[in-house]
Structure formats: C-alpha cells, structure tokens
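Chemist: Each chain is listed here by its residues.
There are 2 protein chains.
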Amino acid sequence: MIVPGFQAAGAAAGIKKQGGLDLALIVAEAPAAAAGVFTSNRVKAAPVLLSRERLRSGRLQAILVNSGNANACTGPEGMEAARETTRQAAELLALPEALVVPASTGVIGQPLPVARFREALPDLVARLDPEGLTEVARAIMTTDTRPKTTHLTDRVAGRPVTVAGVAKGAGMIHPDMATMLAFVFTDLKIAPKLLRRCLKDAVGRTFNRISIDGDTSTNDTVLVLASGRAGNTLLKEDSHAVEPFRRLLTQVLEDLATQVVADGEGVTRVYRVEVRGAATPGEARRAAATVATSPLVKTAMRGADVNWGRILAALGRSGARFDPARVEVAIGGRQIVRAGQGLGEAAEAQAREAILAGPFTVAIDLHRGDAADHYLTGDLTEDYIRINASYRS
Amino acid sequence: MIVPGFQAAGAAAGIKKQGGLDLALIVAEAPAAAAGVFTSNRVKAAPVLLSRERLRSGRLQAILVNSGNANACTGPEGMEAARETTRQAAELLALPEALVVPASTGVIGQPLPVARFREALPDLVARLDPEGLTEVARAIMTTDTRPKTTHLTDRVAGRPVTVAGVAKGAGMIHPDMATMLAFVFTDLKIAPKLLRRCLKDAVGRTFNRISIDGDTSTNDTVLVLASGRAGNTLLKEDSHAVEPFRRLLTQVLEDLATQVVADGEGVTRVYRVEVRGAATPGEARRAAATVATSPLVKTAMRGADVNWGRILAALGRSGARFDPARVEVAIGGRQIVRAGQGLGEAAEAQAREAILAGPFTVAIDLHRGDAADHYLTGDLTEDYIRINASYRS
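Heads up: the protein sequence lines correspond to chains F and Z, in order.
Numbering of the first sequence is given in my numbering, commencing with residue 360 and proceeding in unit increments.
Numbering of the second sequence is given in my numbering, commencing with residue 360 and proceeding in unit increments.
Since the hints were derived computationally from the structure, they do not count as laboratory data.
As the structure is a computational prediction, the values presented were derived from the model and not from experiment.
There may be inaccurate statements among the hints.
All copies of an identical chain are treated as equivalent in the list; a pair is satisfied when it fits inside any one copy or across any two copies.
Stated by the list, open to error - Restricting the straight-line Cα-Cα distance to at most 25 Å, the calculated cross-link-like pairs of lysine to any residue (SDA-like) are:
1. LYS376 with GLN709
2. LYS559 with ARG606
3. LYS375 with LEU702
4. LYS376 with PRO481
5. LYS376 with GLN610
Isolated chain F (complex conformation):
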C-alpha cells in the first residue's frame, strides 16, 4: 500500500502491556497540506489538543502515533509528554517540531512512557519505508482483532490520484467519533482549506454515522495529509475536480468506517439503520441513532430475533415526531411492520434469514415528512462485556 510522497514504519516499543507493535511514524517527504477532525468530547486527550493547535498552519510533515496509552486525563505532564515525544521525532527527522503531530489510543489516565519512545524512535526512523503503512495499521490496534486499511486510485484533475488510509476502532465507537484513529494519505495537490472542507464533509457522512456502544472517547482523530506528488495543478475551491476527490475521500472513509464497525468489540452482525419520512433532518438522525444504539435492539439482533416491538419502542423515545399507526419497518428488504403493526410469522421468518445471512438493513419509514438519515452499527454480544469488563486487568 503505497502513496507517493509518504514513508512509514511501526515498532514494538513496550508501551502495550501485552507486547506487540505499539508505535508508528508516518513521514511526508515535504510539508504536506493537512486537515483534521477531532473528538467532540469535552475531555480531550493531550495529543488531540496539541494536534489541533499544530494543524492551524494547514501543513504537517509527520505523525507519531502510539497504542496502549491514550495520554488522556494526564494533566500538564501529559501535554509535556506529547510535546516531548514529537520533539524527539522532529530532531531525528531534522524537521521543525510544529510539523509533527502526536496521536494516542489506549488506557486513559496513565502517564505516557516517554522513555520508551526515546528508545524506539531511532530505529523507527531508520526503517521508514514507502510500504510501511500496513505496519502502521497494525501498530495502532488495541482491542481491534484485525488491521484496517483501504487504498483507492481514481482520476482526479486529469491525473491518477491515490487515496489510502489506516484506521483503528473497536470500543467507544459513536458519532462525533470515538476511540478511533484514522490516517488518510493522498498524493493530490490541494489547498489545505479545501482539504479541510472535503474532510469534514466526508467524516460527517461516514465516521459520524457509525456506532458500537454509544460511548465517545477522548482521543478520536481523523487526519488527512496530501503530498501533492500526483502532479495535478493545485486543486482549488472552484475546480470541477473537487467533486471527484470528495467522492474518493468519502469512499475511503466509508470503507474504513465499515471495517471499524465490523470489527467492533464483540460484534457478530453488522447492520445499517435507515430512517426516512422524518419531519426534519435532526429528527431523522435522532431516530436512526436511537434505534442504532438501543441495547435491546442490539441484543435482539444478536439473537437474530425479529423483535420489531423493540425497534418501535426505540423510535418512540427518540424524540422524532410520528404517528405510531403509520410506521413501516423492513429488515433485509422484507417488510415486517405496516401501519404500526406486525405482518406475522412468515414475514418475520424471512427477515430472520436476512439477519442470519450477513450485513443487512433495518429500513424505517415514519411517514411524517421527507427527511432521511442512517447509521451503521453492530449487535451487542457477550464478548463486548467480556472485553470491556477486563480491559485494564
């Protein structure tokens, strides 16, 4: 997985208690146009605060990311640790410190082991490689069971342009992001402001429409760096090539977001909740989110139980206005509720087949207005409990 203009490497620095790759470095050959979207949680980790600050210039050249320790709720010492580790990397790379951003994921509230960074960094820099992005995908995993990468190439502004990304997810996945890191790289030449607009739009359609457990984290970060190596003329706001790039970027984020849900803690079934016919876009989103995050709906899906009463009960508490006697629900294309009432066992048996068969859609029509929205989510299983009841021990 190569993106012209970028090199990367991962290392086992001893930050994760259980060992394994836990530190990674991605470096652009020159200052890249950069944009980021961060957690909306009021409690923000030190690396989030520092990255946000350094992103103001619209230019970055390196990302230093670790797993095993979130460097969150660590006070002024945590902020200094974030600065110190990026300073170490900047020195070894002979770059201005302001062009290097940190990112962290893992346990909250424990001091970042700065010495481990110092020990591991020289070798990490020495091993930087254009093929290194797949190693990054593995180094950022926490309770993830598989690395998440995606790589697309398409014509943008008359040139073949690559957009590739890595992500980590697992628990605390919820709109307005979660313990979720995603790094996306492209060789497109683009103005930072435009890159930022495209990123915000794409995150809104993808990462902010997924949910594992309704919890959001202190560390969520999506960064995109553009090296400009594709050879196109600089992409600006009014270019007709903006739309193809926006689509390509959205596709990459959508693919990563789907991988994050599918590998959500304990998830065995992935499903998309689609709401239409809502009175307002806000109500459409709330209705979709409430159904997608309902523990009773999630556990019903776990049991492949076509328990549409729980779906209606979730809609009923969502705040969306609708007449219960007009609601329609379909699962996997099979209608199971019409005019607010169940269509019987044969319909439910077919819907159950769809649940058992794999990714499926729960389609809801509120018959109240024209607004629509959706969420991608997964079932809630015994394994979610097992993973989270023992995360730190």
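Chain F is fixed; fit chain Z onto it per the hints.
Modeler: Okay, now just chain Z, sitting in the frame of chain F:
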C-alpha cells in the same frame, strides 16, 4: 401485606408461554381516589392509553393486570382487547367499566389472548383476598427473578396510615420509566388532585432516576389508589399532613425502584451516580444520566475495574459544561480523581474494595456550579445479553 380497603388475587391464565402466574386483579371496596404516571414513549400500549383516559375522573376501583403480553403495537384490535377484558372484569365485579383499568407487560406486537382472560376471571374474582397483594407481585413478573413488594406504616394526619406497593422491572428500565409497572395502595383519605401531585413528585425523585439499559418502553405505569379507610379527615392541598404523606409515598417508591434496579436484567452490582457542582439542574441530570447509562462504565463496574477514565469520558460527552482539570471523582467514599487526574493505585485498590463490597456510590464534583442530581443503576453483564438475545425464542 394488607392495606385496608383492598383485596387482590393472582392466577395462571396461560398468557405466559412458560406458564406460571400471569394475571392479577386488585379491587377496592369502594371507588378509590386514584392517580397515575405513564410512559413518555411516543409509542404507547393500549392499556396505557385506556388507563390514562379512565383516570381523568380521579376515581378507580379495580386494576386488571397481566404479564406475558404487553398489548402494545396491536392497533385498534389491541384497544378493543383492553376494553373487552376490563368489561369482563367489571361485569363480574358488578362495577362500572370506567372504574376498571388494564395494565400489561410482556412481548410487544402480539394480540392479547382475550379468551384466556374470560376463562380465568371468574375464579380470580372468587379468590379476592385482603392478603392477595403478594400474589399480584408474582403475577406481574416477566424476566424479573424475584417479586418486589414494600409496605410502610406511619402517622399521617393523626392516624396510622399504610402505603404498600408492588412493582415489576427487569429490562427496558430508564428514566421517564420503562417496562415497569408499579401499583401502590394506601388507606389514606386524600383528594385525587393532591394524590396526583404527590405521585408525580415522588416518581420524579425515584422511578425517573433509575436506569438499567437506557431503553424505555411502551407500557410503563405507576398507579396509586387511596381507599380512605384510615379514618383521617380528607387530606387537602393546604394540610400540614401533606408533607409526611409525600415522604411516605416517596419512600415506598424509592424502595420499589431500588428493588427494580437490583433485579435488573443481569445486574450483579447496584450503584448510585451522584453529580454535584454542575452549572444547571439540567446539566446535573444529563451528566448523571450519561455516566449511569454508559456501557463502558457499566462493563468496567462488572469487572470491578476502577476505570475512572471512562467516567470522565462519559462526563465529557454528556453536554454538561465543566473544566476537565477541576473534576473530582470518588467511589465508595474513596477519592480516585482530583483536579481531573488519577490519584494512583492505592486509591484505586480501595475503591475496588468498595465496588466488590456491594451497593456503592460514584460521586462526581464538576466544580462549576451548585446543581446536583443522581441516578441509581447497575452493571452490564453477559447475562443481560443472554436474557435479551433470546427473550422471544
């Protein structure tokens, strides 16, 4: 458990698939002052709609309640079934139909088996007994593992007054109530309007401050009936005896609500989330609710893991305004977070002991204002999943 003026009985009517008591009748010897509070869910079950309508008069004489079928999302037929079953009971009791209310809990979306009511009712009426309330507590159980009853006597308006209640809970427990039924009986003589005000106040402090899974249901109902048999002069708005009664009623509801949480689906640990120092009462409530319903906090409690980072992350997404660097958290009286940072392993070990020891409090100070609120909740366990993934099968 006797409340002067009331008789009750339970029966196995064959409504529950698995058998057992599933129908109960409570009858007052004369029309009683009555008040009710119902689910805020937009999808309301037929018995909720009918009870609300019949409660307008402020007088009731009988409650007919079944488990095993919620009679929710059952359309006009469900409404007719609710009317028909209360009509049957009213005829056998020789009462006006308008003085009998229905209540149902169980599976959503299946027709109420009216014929089973008809078969069981004559014997149920014949067996009405002043000691019958404990049988009611058993007849309304669904996934509850134990019946919930409470019985208090205190002096009100110069007379010994009894307030007793039965409740059922288990899943779908969340503020603004849940698949939760509670019936409270008293021999106090009180005006219906005042009874209603006391009930709303007491529910706000008790049942609307508990949460199992954040889901709310279509059937929640709290009813209180006052027979007037205590012999006091009619309690009115301006009486100094209102406060003692309000306290007594609140105590009964608090006791029932605590039993409901302790017997929540899969719950092994009960804890109270207390937030103080919030900017506004609304923010205090949201902060307490968000911590109380966070799956990551709940699973941490399951593992007796003093994972205060998850508590801070939940506060951070609650919408409450605060400075993360000023937050304090204590568990079981042991402070574990000061100025937004952890106090180390010794403190956490003591907090862990408190979690293991039994009911405990998670006390949070946001240091932002003067508002406070609380929630009572329980941990999230593998059993919750097991129970809910297989509820209908």
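Chemist: Does each hint fit the structure? Answer for all of them.
Modeler: Results for each hint:
no.: 1; hint: LYS376 with GLN709; verdict: between (46 Å within a copy, 23 Å between copies)
no.: 2; hint: LYS559 with ARG606; verdict: within (13 Å within a copy, 53 Å between copies)
no.: 3; hint: LYS375 with LEU702; verdict: between (52 Å within a copy, 22 Å between copies)
no.: 4; hint: LYS376 with PRO481; verdict: within (22 Å within a copy, 68 Å between copies)
no.: 5; hint: LYS376 with GLN610; verdict: neither (35 Å within a copy, 48 Å between copies)
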